[in-house]
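**Q** So the sequence lines, in the order shown, correspond to chains A and B.
Reminder that position 224 of the first sequence reads as 224 in the working numbering, one-by-one numbering, no gaps.
Reminder that position 72 of the second sequence reads as 72 in the working numbering, one-by-one numbering, no gaps.
FYI, nobody ran anything at the bench for these hints, they're computed from the structure.
C-beta: ideal position from N, C-alpha, C; glycine also.
Some hints could be false.
Unchecked claim - Lysine to any residue pairs mimicking SDA-like chemistry, simulated, CA-CA at most 20 Å apart:
hint : chain 1 : residue 1 : chain 2 : residue 2
1    : A       : Lys-396   : B       : Ser-124
2    : A       : Lys-366   : B       : Lys-98
3    : B       : Lys-95    : A       : Asn-342
4    : A       : Lys-435   : B       : Phe-213
5    : B       : Lys-98    : A       : Leu-387
6    : B       : Lys-95    : A       : Trp-389
7    : B       : Lys-95    : A       : Thr-343
8    : A       : Lys-435   : B       : Asn-97
9    : B       : Lys-136   : A       : Met-301
10   : A       : Lys-366   : B       : Asn-97
11   : B       : Lys-98    : A       : Trp-389
12   : A       : Lys-292   : B       : Lys-98
13   : A       : Lys-396   : B       : Ala-232
14   : A       : Lys-435   : B       : Ile-206
15   : B       : Lys-136   : A       : Ser-361
16   : A       : Lys-179   : A       : Ala-156
17   : A       : Lys-366   : B       : Ser-124
18   : B       : Lys-229   : B       : Gly-69
19   : A       : Lys-396   : A       : Leu-413
20   : B       : Lys-136   : A       : Glu-306
21   : B       : Lys-152   : A       : Ser-345
22   : A       : Lys-292   : B       : Ala-153
23   : B       : Lys-150   : A       : Met-301
24   : B       : Lys-136   : A       : Gln-405
25   : A       : Lys-366   : A       : Asn-395
26   : A       : Lys-435   : B       : Gln-216
27   : B       : Lys-152   : A       : Thr-343
28   : B       : Lys-136   : A       : Lys-435
29   : A       : Lys-366   : B       : Asp-126
30   : A       : Lys-394   : B       : Ala-122
31   : B       : Lys-98    : A       : Asn-342
32   : A       : Lys-435   : B       : Ala-214
33   : A       : Lys-140   : A       : Thr-121
34   : A       : Lys-366   : B       : Tyr-106
As the list claims (entries may be wrong) - Non-contacting residues of chain A with respect to chain B, defined by C-beta distances greater than 12 Å in every case (computed):
hint : residue
35   : Phe-139
36   : Gly-142
37   : Arg-194
38   : Pro-221
39   : Glu-239
40   : Val-260
This is what each chain is made of:
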Amino acid sequence: MRANRQKSLPGEAFALTETQDQTQKLYATCLRAQTLGITRGMSLAEARAIKPDIETTAANAKADYAALDALARWFIRYTPLSAINNLDGIFLDITGCSHLFGGELAMLKDMTKRLKLAGITLQTSIAETPGAAWAFTRFKPGHITPEHENSLQALALLPIKALRLDDASTTTLSRLGLKKVGDIMDIPRHTLARRFRDIPAKQVTALLIRLDQALGKQEEPIKPLQPLPSWQVRQAFMEPMVHIETLETAVVQLMQRLCVALCAAEQGAMRIQLSAFRVDGTVQQLMVGTNKPSRDAAHIMRLFHEKLPQLDAGFGFDLLVLAAHETSELRPEQTGDQQAENTHSIAKLIDKISARLGPTSVHYLKHKSSHLPERSQTLSPPSTSDLCWANFPKNKPLRPIRLLQRPENIEVLAEVPEGAPRSFRWRRVQHTVTKAEGPERISNEWWHKTGGLTRDYYRIEVTGGARFWVFRHGLYGIPRVRSAESKQPLWYMHGFFP
Amino acid sequence: MQQTAQNDNTLAPQESTATFEGKGTRVQQLDALRQTIRDLEQIPANILANEAPSSKQTITDNAESFLTGYSHEIWAARPSDYGAAMGYALQTLTKSNKPTLWITTYRMIQEHGMPYGPGLLAHSLDPNKIIIVRCKDEQQALWAIEEGLKSKALSTVVGELTQIDLTSSRRLSLVCREHGTCSITILRHDNTAPTACYTRQKIEPIPSNTTMFAPQAPGAMRLSASLIKHRAGIRPTNTIMEWHHAQDHLPMAPTLANRALDACEPPKIATR
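My request is simple: use the sequences and hints to build the entire structure.
**A** So this is what it looks like as structure tokens:
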């Protein structure tokens, strides 16, 4: 299937250019230019020689890819396996899907009709292998290989280029008089390699591989845009839906169907995705996640309720697909157990908060084995099972109840060697220290290369009663024992005691 | 109303039969099994119904405890009071086995740091039970507090804000009342506007007592809690409290700590 993304002005030759190897090459050309013999890949100078007044614009490859990606996503309405091929085509694996649309021919017609309305022209074909489909789409558009037959005969009539070969190989082969795919098919394989001694081995191998792929002798998996969901339900509408309220009613029904299916399989979903297909050919997707596998339609609906207003209905949605990604086993449980109810309701609360405030908003405090105060606590997502606080050593001196994320520099006004400061200024307020305890010496962990200096922590109380945790960064030097770690050690505020 | 049936596995039988023929019997069987087990364990169907407090609840405790079903405010008037204010809030959290939802904003974390597990452990609060919610602004924080208050599975919802207005605090107190939950809001502002909270305490740290073996070291947490507002009409009081590592965590401090032995009274237990 080939999406034709050329912008054609009626009557005028037009081309998009890109810079390649320091020359301007044609990236795409319009139909009018093609009739003049101007094709893509030609240099701009050549094109100018054919038609001096050809109009050109620089191509935007990124936007082009984004548009192709969006189109490939749109095709998910026909099959979940849709893949982008080489920036100018889309592969669809329609195995088992065509009967939903009334057969292969009807499916192709439906695609063409819908995309024509959206202003996109396309060439399509259906064959049993990606290689053959690629060839037919480009050289015999509209071809449908009938079921239980192979496309050998039809393929044999196509030019050699249909085997997805690079330009050098094509030229060589045509120079040798091998112009059709059928010419190569007839040659015994072992003699083929012998005959092309002049051609690098790689090219011959590529040729054989391409041939095998087209004939289905070698498997060629397509890499879908998104992995296949484990479970999915869909609902198409006769009339496009414009209002979010009606959409919500439809989603509720879909959700119930999905949950019934999950219930029958004793599965719970962790991530649920809603894809809304708009009439104009765009797809909008919403994703909600749960921390525990769930198949509670009401709960998941509450999570979607937060996000549904993000959808832009425009001219209306005509298809909704609800898919459950990441499912895992969820056995039926006894209800009415108080403790289980509590766990459930906390998981639901966390889901609801993270659906609205973002997945990184809810955390548990987790202990990490480290001497450094800021490293001994990390934030961990709600799904963490063990928070390791039992491993925290009991014999540590008192720790503050709040810790600053980054220690803040304090300006020490009266310093005492090897002791807590007498007075200091922090956040423009001067404090006089009345009581102090310390130092608690915490040195940097030797297994971390990016080392800081040794810290001397002091627990201090200032006039007024506030209690702080401050440290001096770097040891003083002791004559004939050790040298100072830093010339003028800095002091930092790090935590607060109640 | 059968609230216990809101487990995530439960599906109404008619929904299942509508789509999956033949599977409906299975769901019905499960329901019947659940009912049997419920009967065996003699769990009443309306197990949660009697947990909500009646509106005529009598006030049995003193001013300094945080009554369930109401919203409470702790006010730190100066930045350096904030640690003490949090310490005061901790006293109620240690009593319950249920988790605490701790809602804070990035700005508060920047200004006053994150709650720190090792320190909480030292103050008898299990960090495993704390769920931290970090919000971008106070509007989000208020929403999160309200959502938390709707859940019965939490012991307390603690919110850290700079200020709260009358409308928001009225909302919170109504949600508290409706769901029988308790909200504690720690406010950090130089002056506070009138709000609809049930109690408000102004917390200030005060210099600690001398510890026995290290006279130069800071002692245990000591703070002054001034009750400045109480909806039930308790008169404003000022209590000096001191942390004690023994069983009852935050008793009232002995009136004069360093007096001669004969003048000492046993410390009056204020909480619990």
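**Q** Taking only the CA atoms, is the gap from Lys-394/A to Ala-122/B under or equal to 20 Å?
**A** 9 Å, holds
**Q** So if I understand the rule, the pair passes when the alpha-carbon distance is 20 Å or less; does Lys-396/A with Leu-413/A pass?
**A** 30 Å, violated
**Q** Taking only the CA atoms, is the gap from Lys-435/A to Ala-214/B under or equal to 20 Å?
**A** 10 Å, holds
**Q** For Pro-221/A, which was marked as not at the interface, is the minimum beta-carbon distance to chain B over 12 Å?
**A** 33 Å, holds
**Q** Checking a non-interface call: every C-beta of chain B should be farther than 12 Å from the C-beta of Glu-239/A. Is that right?
**A** 24 Å, holds
**Q** Holds or violated: are the alpha carbons of Lys-292/A and Lys-98/B at most 20 Å from each other?
**A** Judged against 20 Å, a Cα distance of about 19 Å means the pair holds.
**Q** Does the structure keep Lys-179/A and Ala-156/A at a Cα separation of 20 Å or less?
**A** Within the cut-off at roughly 10 Å; holds.
**Q** For the pair supplied as a hint, Lys-136/B and Gln-405/A, confirm whether the alpha-carbon distance does not exceed 20 Å.
**A** Distance of about 16 Å is within 20 Å: holds.
**Q** Just to be careful, I want the Cα atoms of Lys-396/A and Ser-124/B compared with a cutoff of 20 Å; is the pair within it?
**A** 15 Å, holds
**Q** Please work out if Lys-366/A and Asn-395/A have their alpha carbons no farther apart than 20 Å.
**A** The hint holds at about 19 Å.
**Q** Hint check: Lys-435/A vs Ile-206/B, CA-CA at most 20 Å. Holds or violated?
**A** It holds: about 13 Å lies between the C-alpha atoms, which stays within 20 Å.
**Q** Just to be careful, I want the Cα atoms of Lys-136/B and Glu-306/A compared with a cutoff of 20 Å; is the pair within it?
**A** Answer holds: Lys-136/B to Glu-306/A is near 17 Å, not above 20 Å.
In this structure, the hints that do not hold are numbers 8, 9, 13, 19, 28, 40, in rising order.
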